Amino acid sequence: MDSSHVALVALLLRSEGFDHYRCDRNLSMGMNLGNMAKMLKCAGNDDIITIKADDGSDSITFMFESPTQDKIADFEMKLMDIDSEHLGIPEAEYEAIVRMPSTEFARICKDLSTIGDTVVISVTKEGVKFSTRGDIGTANIVCRQNTSVDKPEEATIIEMQEPVSLTFALRYMNSFTKATPLANQVTISMSSDLPVVVEYKVAEMGYIRFYLAPKIEEDEETAAHAPSQPNTEVKPKVKVEYQPQEIDLEEASKPLVENKTEVAAKLETETNGEVAIIDVKMESKPLEGTDLEKEGKPLVESKTKLETNGEVEVMDVE
Amino acid sequence: MDSSHVALVALLLRSEGFDHYRCDRNLSMGMNLGNMAKMLKCAGNDDIITIKADDGSDSITFMFESPTQDKIADFEMKLMDIDSEHLGIPEAEYEAIVRMPSTEFARICKDLSTIGDTVVISVTKEGVKFSTRGDIGTANIVCRQNTSVDKPEEATIIEMQEPVSLTFALRYMNSFTKATPLANQVTISMSSDLPVVVEYKVAEMGYIRFYLAPKIEEDEETAAHAPSQPNTEVKPKVKVEYQPQEIDLEEASKPLVENKTEVAAKLETETNGEVAIIDVKMESKPLEGTDLEKEGKPLVESKTKLETNGEVEVMDVE
Amino acid sequence: MDSSHVALVALLLRSEGFDHYRCDRNLSMGMNLGNMAKMLKCAGNDDIITIKADDGSDSITFMFESPTQDKIADFEMKLMDIDSEHLGIPEAEYEAIVRMPSTEFARICKDLSTIGDTVVISVTKEGVKFSTRGDIGTANIVCRQNTSVDKPEEATIIEMQEPVSLTFALRYMNSFTKATPLANQVTISMSSDLPVVVEYKVAEMGYIRFYLAPKIEEDEETAAHAPSQPNTEVKPKVKVEYQPQEIDLEEASKPLVENKTEVAAKLETETNGEVAIIDVKMESKPLEGTDLEKEGKPLVESKTKLETNGEVEVMDVE
Chain A
1 MDSSHVALVA LLLRSEGFDH YRCDRNLSMG MNLGNMAKML KCAGNDDIIT
51 IKADDGSDSI TFMFESPTQD KIADFEMKLM DIDSEHLGIP EAEYEAIVRM
101 PSTEFARICK DLSTIGDTVV ISVTKEGVKF STRGDIGTAN IVCRQNTSVD
151 KPEEATIIEM QEPVSLTFAL RYMNSFTKAT PLANQVTISM SSDLPVVVEY
201 KVAEMGYIRF YLAPKIEEDE ETAAHAPSQP NTEVKPKVKV EYQPQEIDLE
251 EASKPLVENK TEVAAKLETE TNGEVAIIDV KMESKPLEGT DLEKEGKPLV
301 ESKTKLETNG EVEVMDVE
Chain B
1 MDSSHVALVA LLLRSEGFDH YRCDRNLSMG MNLGNMAKML KCAGNDDIIT
51 IKADDGSDSI TFMFESPTQD KIADFEMKLM DIDSEHLGIP EAEYEAIVRM
101 PSTEFARICK DLSTIGDTVV ISVTKEGVKF STRGDIGTAN IVCRQNTSVD
151 KPEEATIIEM QEPVSLTFAL RYMNSFTKAT PLANQVTISM SSDLPVVVEY
201 KVAEMGYIRF YLAPKIEEDE ETAAHAPSQP NTEVKPKVKV EYQPQEIDLE
251 EASKPLVENK TEVAAKLETE TNGEVAIIDV KMESKPLEGT DLEKEGKPLV
301 ESKTKLETNG EVEVMDVE
Chain C
1 MDSSHVALVA LLLRSEGFDH YRCDRNLSMG MNLGNMAKML KCAGNDDIIT
51 IKADDGSDSI TFMFESPTQD KIADFEMKLM DIDSEHLGIP EAEYEAIVRM
101 PSTEFARICK DLSTIGDTVV ISVTKEGVKF STRGDIGTAN IVCRQNTSVD
151 KPEEATIIEM QEPVSLTFAL RYMNSFTKAT PLANQVTISM SSDLPVVVEY
201 KVAEMGYIRF YLAPKIEEDE ETAAHAPSQP NTEVKPKVKV EYQPQEIDLE
251 EASKPLVENK TEVAAKLETE TNGEVAIIDV KMESKPLEGT DLEKEGKPLV
301 ESKTKLETNG EVEVMDVE
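Chains as they are written, first to last, in full-length UniProt numbering: chain A, 1 to 318; chain B, 1 to 318; chain C, 1 to 318.
Treat the hints with caution; some may be incorrect.
A pair holds if it fits inside one copy or across any two, identical chains being indistinguishable in the list.
Unchecked claim - Restricting the straight-line Cα-Cα distance to at most 25 Å, the calculated cross-link-like pairs of lysine to any residue (SDA-like) are:
#1 Lys110 to Ile89
#2 Lys52 to Ser4
#3 Lys201 to Ile136
#4 Lys52 to Arg171
#5 Lys38 to Ala183
#6 Lys38 to Ile97
#7 Lys78 to Glu91
#8 Lys125 to Val202
#9 Lys78 to Asp150
#10 Lys129 to Ile278
#11 Lys78 to Ala169
#12 Lys38 to Gly134
#13 Lys151 to Asp55
#14 Lys151 to Ala43
#15 Lys38 to Asn146
Since the hints were derived computationally from the structure, they do not count as laboratory data. Quick caveat, the model's predicted, so the values are computed rather than measured.
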């Protein structure tokens, strides 16, 4: 979560997406996102990446192997002690869900931010309208529902129970759209008085979801309430509220059990958007027939070949 | 015109170049060039652009429609009250006219500006010579007349009545060459004691012309006049002089007449190079047979599909 | 040499590499590297470059001719009076020589510099290890010997008499790797207590060699000597020492003799890394049968077509 508690990022990479995944005990690790990004950028495009952490260790290791095994790199990063209450991501039914080409959404956010600071996103049956207003003028961009396209990634699909109109800071939206290279489509889910969810799928593995609290529109406020402060700073109407989850500490100190499936890694940024809590999770379904000695081996181990095109950048939510 | 009255830009887009063009009354609108650029940059490469202004309105609307009509954007920009005397572009016969590849001219201006601040452009029958001098040394680049090329856009053609040699500030020239992506060829027209004209054609629609007053060469000055100030700042020998044109205000208040052809839009930067006066003109030849009611419709309306390669940038003449 | 006497660059371009090369007398010329770079960047990709200097002149001329001869540029650069003792490049037998893909070496230096300031390069029979340590963690990259590759430029070849482990400032290494576009392979030659040599071949013409004095590793120092200053600045253990060479001044004033072969141009940066002494050399083997009058012609003249891909940048060793 960013320091002003307006935005939150959640990244999920399911265990099935890894070539090799092993997690003997649920682990929560605090990491500096900037430092993690520095290290992951050292991986080559075709490298096999292995992420390893020992039980109780204060560091995590990123291993990069070239396809020919001629170049092997070990990057060891110090973990952080994050004084964290666990963040519960709000689950909700949304009144309006828009799915559209991610590049188009990115372009709209970028274009509008040259005119104004905030965007009003209004969903009706006809389409979704993005509006802004600034010193130099106003801008309105309407995207119509469009399902009859040659390529499914070019479709714009609107599912709507209620018309919704919410205002957001474009600065955050432009941070979110840095995830555009991850997926052809973006999903924007909105309900009145709830944070918007901007979601990009990550291959078949999971997703990255950005939550952003809406702002109170200046005009509405002054119209409805009082004309006393016509130019006050627009303030968030709704804070992103997260219920601290119970963490079962006894669970965490249980004896080592080998598990195989349905383990999920969840990445959440917290506190000030510069650090992350990484939860590596296991399910308590025991592994049939395996009883290998795992002493001295890393507690968490996952191996995958990530194919990047070098354009993905790390989100910097301030 | 820039604030020091040394440079002037004129852009003409003829009505024939637009798919749809309508102008019921001559209109002059003041615009902030930077703001207009911000808005026009929001158009997609394949978008259909419509520019609209109502009579007496204090704003202009840029409308961008995607080819599939799925995305429609309206950008409304506030107009400026520019206290303007109308700029008359000097018409003249030029002693020397050089037509050459625009990329080559841009490259020469860029290269020379790494060595010195000013360029001497000398035209003789043999060719055109660009020279500069700086702290680190000197540079001379000669381009010979060359009409026997495979592609006409690679030709260098020199039409000359009199040899001409004039000195210009490279800083302005480098601003002008930002228009290079517009045309394969640039035309440089020079006469002694007159501003140079650097012209790029804009498709089949018109042109952008840059006027720049020559400088007095330091050496000439000190040689001819007095050795008292050998290192004085080089000053413009000739100011760009513009005769304020008579604007027929009665013409502007004439009753609305629908016209169809030979309407031309002219764009001139003025005052400080950051704002522009846009004149949308009509000819008084009445449209045969049409007598449509135009009440409530925009007074000026033009629609075209501009194909850009994303490399054209807005000139910033200071 | 850079101002702190830690790094030195030597560039050799042999006369055979030029289409035309003429040098009547050994010449040593002081040049500002930044200014020379500015001028050379003005050459087009397909231009024929001629470098000319007259005897006793205080300037050098770079001439660029387009293939069609339609554009001819002369750039004349002022020479510098460098108060120089001649730099003798240390010749040595090296205990370990690593040849590897230049892009891989560049990538490793770039990656490690995101983690730490210095790199430990350790050569053993198994491979070469690059290690660093910083505030955020540690990194080790091992490249194994690999000669069985499809393309020879992808090979990693290690010739080793003794295992060597030396520490270097990554800042300098990253300056050196700007030469990467020159050659597919880089050669790293190391001996204990000697400067490392990082060499890139320049086509069939010569080479550019970078010399860098190793640093004393902090841990070693504190372990071996005293724990009094655990966090002192790491200082160079070995200075790059250069013996001033004797310059035969009489040789330089010998009568003009035309020579043809085995002339070599050597470029060395000196004093503070911003200026260069360029030695244009001749062999005293007289040219058979030629006795042309050379009065008024340039003493040094060389002509070549350099093919660049526009990516080569000038090294800025501070």
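>> Within a copy, between copies, both or neither: which one fits lysine 38 and asparagine 146 at a CA-CA cutoff of 25 Å?
In response: The answer is neither: 40 Å in one copy and 28 Å across copies each exceed 25 Å.
>> Cα distance capped at 25 Å. Does lysine 78 pair with alanine 169 within a copy, between copies, both, or neither?
In response: The answer is between: 23 Å across copies meets 25 Å, while 34 Å in one copy does not.
> Between lysine 78 and glutamate 91, at a C-alpha cutoff of 25 Å, which is it: within one copy, between copies, both, or neither?
Replying inline: neither (33 Å within a copy, 43 Å between copies)
> Checking lysine 52 and serine 4: alpha-carbon separation at most 25 Å within a copy, between copies, both or neither?
Replying inline: neither (32 Å within a copy, 42 Å between copies)
> Between the shortest in-copy and the shortest cross-copy C-alpha distance, which are at most 25 Å for lysine 52 and arginine 171: within, between, both, or neither?
Replying inline: neither (35 Å within a copy, 30 Å between copies)
> With identical chains treated as interchangeable, where does the CA-CA distance between lysine 125 and valine 202 reach 25 Å or less: within a copy, between copies, both, or neither?
Replying inline: neither (29 Å within a copy, 42 Å between copies)
>> Please sort lysine 38 with isoleucine 97 into within, between, both or neither, judging by C-alpha distance up to 25 Å.
In response: neither (35 Å within a copy, 30 Å between copies)
>> Checking an output row: lysine 201 and isoleucine 136, CA cutoff 25 Å. Within, between, both or neither?
In response: neither (36 Å within a copy, 30 Å between copies)
> Which holds for lysine 151 with aspartate 55 at a C-alpha limit of 25 Å: within a copy, between copies, both or neither?
Replying inline: Neither: 47 Å inside a copy, 43 Å across copies.
>> Cα distance capped at 25 Å. Does lysine 129 pair with isoleucine 278 within a copy, between copies, both, or neither?
In response: neither (36 Å within a copy, 30 Å between copies)
> When no copy is specified for lysine 38 and alanine 183, does a C-alpha distance of 25 Å or less occur within a copy, between copies, both, or neither?
Replying inline: within (23 Å within a copy, 28 Å between copies)
> Should lysine 38 paired with glycine 134 be assigned to within, between, both, or neither, using CA atoms and 25 Å as the limit?
Replying inline: between (37 Å within a copy, 12 Å between copies)
Checked against the numbered hints listed earlier, the structure breaks hints 1, 2, 3, 4, 6, 7, 8, 9, 10, 13, 15; every other hint is satisfied.
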